[in-house]
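Protein chains: 2
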Amino acid sequence: MSLLVVGSVAFDSVETPFGKRDRMLGGSASHFSISAGFFTDVRVVAVVGGDFGEEERKVFAAHQIDTTDLEVVPDGKTFRWFGRYDYDLNVAHTLDTHLNVFAGFQPKLSQASKDARLVFLGNIQPDLQRGVREQVANAELVALDTMNLWIETTRESLQKTIEVVDLLVVNDAEARQLADEPNLIKAARKILSWGPKTLIVKRGEYGAAMFTRDGYFAIPAYPLESVFDPTGAGDTFAGGLMGYLSSQEKLDEAALRRAMIFGSVMASFNVEEFGTERVQRLTHEEINQRFTDFKQFTHFENIPFDRAVRAAQ
Amino acid sequence: MSLLVVGSVAFDSVETPFGKRDRMLGGSASHFSISAGFFTDVRVVAVVGGDFGEEERKVFAAHQIDTTDLEVVPDGKTFRWFGRYDYDLNVAHTLDTHLNVFAGFQPKLSQASKDARLVFLGNIQPDLQRGVREQVANAELVALDTMNLWIETTRESLQKTIEVVDLLVVNDAEARQLADEPNLIKAARKILSWGPKTLIVKRGEYGAAMFTRDGYFAIPAYPLESVFDPTGAGDTFAGGLMGYLSSQEKLDEAALRRAMIFGSVMASFNVEEFGTERVQRLTHEEINQRFTDFKQFTHFENIPFDRAVRAAQ
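Sequence lines, in order, name chains S and F.
In terms of my numbering, the numbers along the first sequence are unbroken and rise by one, the last being 386.
In terms of my numbering, the numbers along the second sequence are unbroken and rise by one, the last being 386.
What the hints contain is simulated information worked out from the structure, not anything from laboratory work.
Treat each hint with caution, since some may be false.
Same chains, same label: a pair holds when it works inside one copy or across any pair of copies.
[Stated by the list, open to error] With a cut-off of at most 27 Å between alpha-carbon atoms, the simulated DSS-like pairs for lysine-lysine come out as follows:
hint : residue 1 : residue 2
1    : Lys368    : Lys263
2    : Lys259    : Lys93
3    : Lys150    : Lys263
4    : Lys233    : Lys270
5    : Lys93     : Lys323
6    : Lys93     : Lys187
7    : Lys323    : Lys368
8    : Lys131    : Lys368
9    : Lys259    : Lys187
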């Protein structure tokens, strides 16, 4: 019983107002699996080039991430992303993208991967995501991420893919664009009508919201005085979310709610340093402390207003 | 023991993509007091012209709002605001403003008003706000609203006023502008260092957050499928907040948290129809239903992740 992620493994070069890093381990599958590894056993399906070395393997190994299905193209190069953030850290400016071996990525699943209980289809071309989805017919929960590029260029295929997953995890601009509807609540209802039982919307510094057929749950973000590098925050959130779910026997609404908190906790650590640096050295005590903080930040007593009592005073 | 509000009473003419209304009862003191009237006894200090008639007085009377200190300038005209909203209902476009009698507003407080337990200084010129604050020396809690105009034109006076109040209620753009700091958490810390014990930040569709010296509380907005007219939402929020506090014996953090929920509930009703129309005919059952909904939307079980348990399974 394990969690499978299909996505990208990359080398990222990132500049922010606070510094820069060249050739850090990045990509959706990396951020996701390192985050999820704190909660469950994770298997990665991705592709890398011959330049993917011992140092990177050690990071996965240190988090007990199974890389059996990490395909290596010895004479190819690993996906590279070059990005910059200005003071508005909400907006990533892509300076350059070298798809390299990722351009020809065809996810190949071993039997163990096909038997995964939970599956996260990271942000790759929707046809590829659907191909993987068909190979994990017995998965208890399949989640999907996507991006504006696929909404704009492969909308039909993307919608077919959304129809066959259980959970969609996107940011709020993507949810509105996907549904072609500016009101998020209406957008959510439309997306759920296509098939998924659950929609989780990431809202950056404003937190996250979960929509189900007849349920709604919303949380603020963990309050941070400084955000250093937001790269991978969404995948780190998804990793905490899915990793926690994978540790739970029952995938009910109560578990999903706690999973969103763990996802937010993991994302809050991710943005505090470059790349996966902060998350790599996290402890369970630190994770649980922020989980408990979240309870403290959001709790209020359920005491309705009683006019009769007031009038009598 | 009552709640005093000092602010504007106006006639608003509003156009939205969904319709228009001419000469509705508006202004900060109107929205605030009608909302607060559901929870406590409210007194209004404001100024109107001879055109303020029986119909408007009836609205205040219907909510048991004390208008003894509502000054009438018989040969003057009531403040008028003309505004428009496009599909982005977050942005109000002012088409015209006739200050009329509001231009010479000098708040005059009766002894009963000076004895108010709680005071809300609505968005007026900061010197006037401070003048009122000095007259309510025994108030248990004085709250302040302001706007970008005063931050830009009377920053020094505004800061002196902020220094002598207990609670500041602003939106997030105002908080960042006031502190000249893009990070909201840092901005909040800076503002609290000036004197107020509490800062409440309104974030529109993203909810609201409360900062104290060593506390943080954040809530989402009530999820609405359609927003009709956001005029007065901020004052309606403040009315629910302060009105509920006024009904409580202890003004502690727990009461403030519940007060924020009631403020959000009242604001959620306000935006569903033009002006004060929806709030005017609210029932306590409707208010308490949304309060309970808020609990449902934000609750999760406080169960930290237990790696040992997982590993043992």
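Now the hints, each set against the structure:
1. Within a single copy, Lys368 and Lys263 get their C-alpha atoms only as close as 31 Å, which misses the 27 Å cut-off; across copies the closest is 25 Å, which meets it.
2. Within a single copy, Lys259 and Lys93 get their C-alpha atoms only as close as 40 Å, which misses the 27 Å cut-off; across copies the closest is 23 Å, which meets it.
3. Taking the shortest Cα distances, Lys150 and Lys263 never come within 27 Å of each other, neither inside one copy (40 Å) nor across copies (48 Å).
4. With identical chains, the CA atoms of Lys233 and Lys270 are at most 27 Å apart within one copy only, with a shortest distance of 15 Å there and 53 Å across copies.
5. Proximity of Lys93 and Lys323 under a CA criterion of 27 Å is satisfied in neither setting, with 42 Å inside one chain copy and 50 Å between copies.
6. Proximity of Lys93 to Lys187 under the C-alpha cut-off of 27 Å is found in neither arrangement, the shortest distances being 39 Å within a copy and 58 Å between copies.
7. In this homomeric assembly, Lys323 and Lys368 come within 27 Å of each other (Cα to Cα) both inside a single copy, at 21 Å, and across copies, at 23 Å.
8. In the homo-oligomer, the alpha carbons of Lys131 and Lys368 never lie at most 27 Å apart, since the shortest distance is 35 Å inside one protomer and 44 Å across protomers.
9. Taking the closest pair of Cα atoms, Lys259 and Lys187 never come within 27 Å of each other, the shortest separation being 35 Å inside a single copy and 47 Å across copies.
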